[in-house]
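Participant: What follows is the residue order along each chain.
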Amino acid sequence: MPAAGAKCVYLLCYLACNILGVEIDDYCIAYETKCFGGPSPMIHKKKLVAKDLCLSIDKFSILSDVNLSLDAGKVMGILGPNGAGKTSLLKMLSGQRDSHGQVSWHDQSLSDYTTVGLAQQIAVVNQLNDTVFALNLQQIVRMGLLPHKSLLSKHTSEDEQQIADAIARVGLTDKSLQSFHSMSGGEQQRGLIARALVQKAALIILDEPVNHLDVYYQHQVLGLLRSLAHKLNITVVMSLHDLNLAANYCDHLCLLDKGRIVAQGDASQVLTATRLQQVFALPCHIRRDPITAAFRVDFYSPEEIETTTNLAPQQSQHA
Amino acid sequence: MHKRWAILALAAILSPLGALFFGAADLSPNELYQCVVQQCETPVNHLIFWQIRAPRVLVGFLVGAGLAVAGATLQNITRNGLADPYLFGVMSGAGLGASIATLLFDSKFAESLGLMAILPQLSFSIALPMAAFLGALFAVFLVQILASKTFGGKTEHMLLAGVAVSFLLSAISHFILFLGEPFAANKVIFWMMGSLARVEAWYAWVMLPVVTISVLTLLLFGRHMDALLLGDENAKTLGVHVTQLRILCLAICAALTACIVSYCGGIGFVGLMIPHLVRVLFGATSKVLIIGCVLLGGCFMVWVDVLARVALANQEIPIGIITAAIGSVFFLMIMSQRTR
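Quick note, the sequences are listed as chains A and B, same order. Going letter by letter, the first sequence gives residues 0 to 318 in numbering that gives the first Met the number 0. Going letter by letter, the second sequence gives residues 0 to 339 in numbering that gives the first Met the number 0.
Derived from the structure by calculation, the hints contain no laboratory data. Keep in mind the model is a prediction, meaning the values are calculated, not measured. Misleading hints may appear alongside valid ones.
Taking lysine to aspartate or glutamate and the DMTMM-like style, the derived pairs with C-alpha atoms no more than 25 Å apart in a straight line are [claimed, not checked]: (1) A:Lys153 / B:Asp231; (2) A:Lys50 / A:Glu207; (3) B:Lys148 / A:Asp57; (4) A:Lys230 / A:Asp164; (5) A:Lys257 / A:Asp57; (6) A:Lys148 / B:Asp231; (7) A:Lys230 / A:Glu207; (8) B:Lys153 / B:Glu232; (9) A:Lys50 / B:Glu232; (10) A:Lys46 / A:Asp64; (11) B:Lys148 / A:Asp97; (12) A:Lys73 / A:Asp256; (13) A:Lys73 / A:Asp265; (14) A:Lys230 / A:Asp250; (15) A:Lys148 / B:Glu232; (16) A:Lys148 / A:Asp111; (17) A:Lys46 / A:Asp250; (18) B:Lys286 / A:Glu159; (19) A:Lys148 / A:Asp164; (20) A:Lys73 / A:Asp51; (21) B:Lys153 / A:Asp97; (22) B:Lys153 / A:Asp57; (23) A:Lys73 / A:Asp241; (24) A:Lys73 / A:Asp111; (25) B:Lys286 / A:Asp158; (26) A:Lys230 / A:Asp158; (27) B:Lys286 / A:Glu157; (28) A:Lys58 / A:Asp97; (29) A:Lys58 / B:Glu232; (30) B:Lys148 / B:Glu232; (31) B:Lys153 / A:Glu207; (32) B:Lys148 / B:Asp231; (33) A:Lys174 / A:Glu207; (34) B:Lys2 / A:Glu159; (35) A:Lys174 / A:Glu186; (36) A:Lys50 / A:Asp256; (37) A:Lys46 / A:Asp106.
Next up, chain A with everything else stripped away, as it sits in the complex (with noise of 0.2 Å):
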């Protein structure tokens, strides 16, 4: 087992470095992120690529041939419905699941990332889960700076300027020291965020991060990660259900249906209606919006289409 070997050999020198406090390689993109307020160009055609992804757990198939990828500083909406597997995709996309096939970043495959050099690059935001004891949000956020912690080094005044700008930019500056578990879901939500932020990744994957914000927030939240997307070159991946938020704040979108790939491109190419119809078994209508000329996508009820009959078949479809 060579690879095993080196792994041992490699754990034991970060090991070392890491009660001396000496830097390693890994540690460099996290340096330019501090020192540059984002990756450098220098790694700009970083890439997000999965190979023939394939998951089945107990002989039931829950991704097949999931083939995708995605440009640094891009936001990608993975949509579909319930039991379509996209928790389960951004796992993979996130390392957090072995897989079948292969999810690269950077050219390097997950799997020969370390488990502090895979921190580094990517930030995780999972659906939430109950905190034992009460840490509140601050300790919570400062979290992000475990991975470019060494064992002996300590927090500075710049580490604590950073946790409060991140906790400014979510805007729960007057809660940063609540107690995280007596905070609603929104709040927990963009806590989390913030100490994604914090992490200084490259890459964020966020498991639906609008699930409990109410329409403020919703629209606060995606802007900020679009924003950052855009501005400081950061990658992110997330799933949602609202189709039109998405459609609005993501560049790239993915539809998965049963475990695979129905399409994926821009709004206009993913979000057809007779698509979305077979999807999620609605009867949909697409327009532009008047004022904003944003995607809208509207499903009613079978019954509601019955009873309304000045909906003409025609116009249901894409506009």
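Since the structure of chain A is provided, determine the placement of chain B on it from the hints.
Facilitator: Frame of chain A, contents of chain B only:
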């Protein structure tokens, strides 16, 4: 917050000093002062002070600190506020190891197995904690396997496996003691209840390095342990080697518990109570929790030991009885708070 820390630190310094005044023999403050600063007045005083009281107070402090830290660590890595070396099976594992060692070093039994040739070369005082450590590791290993096989690897359920293992191993160790010795009841009671009555000065020299190294190692990994509080998956995405970290922490808990159990028996519920109090008073992050547990756990045990010494005239209450009595009430309080 700073004020609270100052009070706790002061208490941690003053408690052991205060505890020196209590005991069966009547030593006046003046005599004690002389013992500390210069020479004791009489050889008897010297013996009482340096061979009995001072070691006992020091060992008491270390026992309290060690158990509280072990409890805090177990609670954080299993994300279960009810974890404790006693309930987790670590203590009965250590007790089993220690019982086996006691039995093997009992010459008659060893002779019958033909082990007499090897054993005298081993020092009992070293072999006992080593055996307890192996026993504790065995218990931890068993809990890990049971938790992953029976409960689908859910960390939150490790405690259930721990309780089962705890009962199983203590049954075995009591049976061994019962078989091995005619007057086993005494020893069984010692392992079950725990006591600081047999403390000798050199115990402290074994415990001090174990507790110090354990606490320093845990402090080093404090941030990583914090990340575990968010769940294994989230910790992994923050770059924590979850399995390795958990094994390291469990091994440290095993070492702490083993060196305490082998000399002082099973003292329960300290590891449950102290971390809870520290969390409420100082916060839940691991570094704060561990430092708080060292200070508060130490103070607590020193005073419980004083109570054990002076509550009944001419007799000592096994310390485990007192901690269990306080602890079970505390346990009920936590449970009622949770269900409310």
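Participant: Next step is simple, just say for each hint if it's right about the structure.
Facilitator: Okay, the hints, checked on the actual structure:
{"no.": "1", "hint": "A:Lys153 / B:Asp231", "in the structure": "24 Å, holds"}
{"no.": "2", "hint": "A:Lys50 / A:Glu207", "in the structure": "23 Å, holds"}
{"no.": "3", "hint": "B:Lys148 / A:Asp57", "in the structure": "17 Å, holds"}
{"no.": "4", "hint": "A:Lys230 / A:Asp164", "in the structure": "16 Å, holds"}
{"no.": "5", "hint": "A:Lys257 / A:Asp57", "in the structure": "16 Å, holds"}
{"no.": "6", "hint": "A:Lys148 / B:Asp231", "in the structure": "19 Å, holds"}
{"no.": "7", "hint": "A:Lys230 / A:Glu207", "in the structure": "22 Å, holds"}
{"no.": "8", "hint": "B:Lys153 / B:Glu232", "in the structure": "12 Å, holds"}
{"no.": "9", "hint": "A:Lys50 / B:Glu232", "in the structure": "23 Å, holds"}
{"no.": "10", "hint": "A:Lys46 / A:Asp64", "in the structure": "19 Å, holds"}
{"no.": "11", "hint": "B:Lys148 / A:Asp97", "in the structure": "21 Å, holds"}
{"no.": "12", "hint": "A:Lys73 / A:Asp256", "in the structure": "23 Å, holds"}
{"no.": "13", "hint": "A:Lys73 / A:Asp265", "in the structure": "11 Å, holds"}
{"no.": "14", "hint": "A:Lys230 / A:Asp250", "in the structure": "14 Å, holds"}
{"no.": "15", "hint": "A:Lys148 / B:Glu232", "in the structure": "19 Å, holds"}
{"no.": "16", "hint": "A:Lys148 / A:Asp111", "in the structure": "21 Å, holds"}
{"no.": "17", "hint": "A:Lys46 / A:Asp250", "in the structure": "14 Å, holds"}
{"no.": "18", "hint": "B:Lys286 / A:Glu159", "in the structure": "17 Å, holds"}
{"no.": "19", "hint": "A:Lys148 / A:Asp164", "in the structure": "19 Å, holds"}
{"no.": "20", "hint": "A:Lys73 / A:Asp51", "in the structure": "22 Å, holds"}
{"no.": "21", "hint": "B:Lys153 / A:Asp97", "in the structure": "19 Å, holds"}
{"no.": "22", "hint": "B:Lys153 / A:Asp57", "in the structure": "19 Å, holds"}
{"no.": "23", "hint": "A:Lys73 / A:Asp241", "in the structure": "19 Å, holds"}
{"no.": "24", "hint": "A:Lys73 / A:Asp111", "in the structure": "24 Å, holds"}
{"no.": "25", "hint": "B:Lys286 / A:Asp158", "in the structure": "18 Å, holds"}
{"no.": "26", "hint": "A:Lys230 / A:Asp158", "in the structure": "21 Å, holds"}
{"no.": "27", "hint": "B:Lys286 / A:Glu157", "in the structure": "21 Å, holds"}
{"no.": "28", "hint": "A:Lys58 / A:Asp97", "in the structure": "16 Å, holds"}
{"no.": "29", "hint": "A:Lys58 / B:Glu232", "in the structure": "24 Å, holds"}
{"no.": "30", "hint": "B:Lys148 / B:Glu232", "in the structure": "19 Å, holds"}
{"no.": "31", "hint": "B:Lys153 / A:Glu207", "in the structure": "24 Å, holds"}
{"no.": "32", "hint": "B:Lys148 / B:Asp231", "in the structure": "17 Å, holds"}
{"no.": "33", "hint": "A:Lys174 / A:Glu207", "in the structure": "23 Å, holds"}
{"no.": "34", "hint": "B:Lys2 / A:Glu159", "in the structure": "23 Å, holds"}
{"no.": "35", "hint": "A:Lys174 / A:Glu186", "in the structure": "9 Å, holds"}
{"no.": "36", "hint": "A:Lys50 / A:Asp256", "in the structure": "18 Å, holds"}
{"no.": "37", "hint": "A:Lys46 / A:Asp106", "in the structure": "7 Å, holds"}
When held up to the earlier numbered hints, the structure conflicts with none and fits them all.
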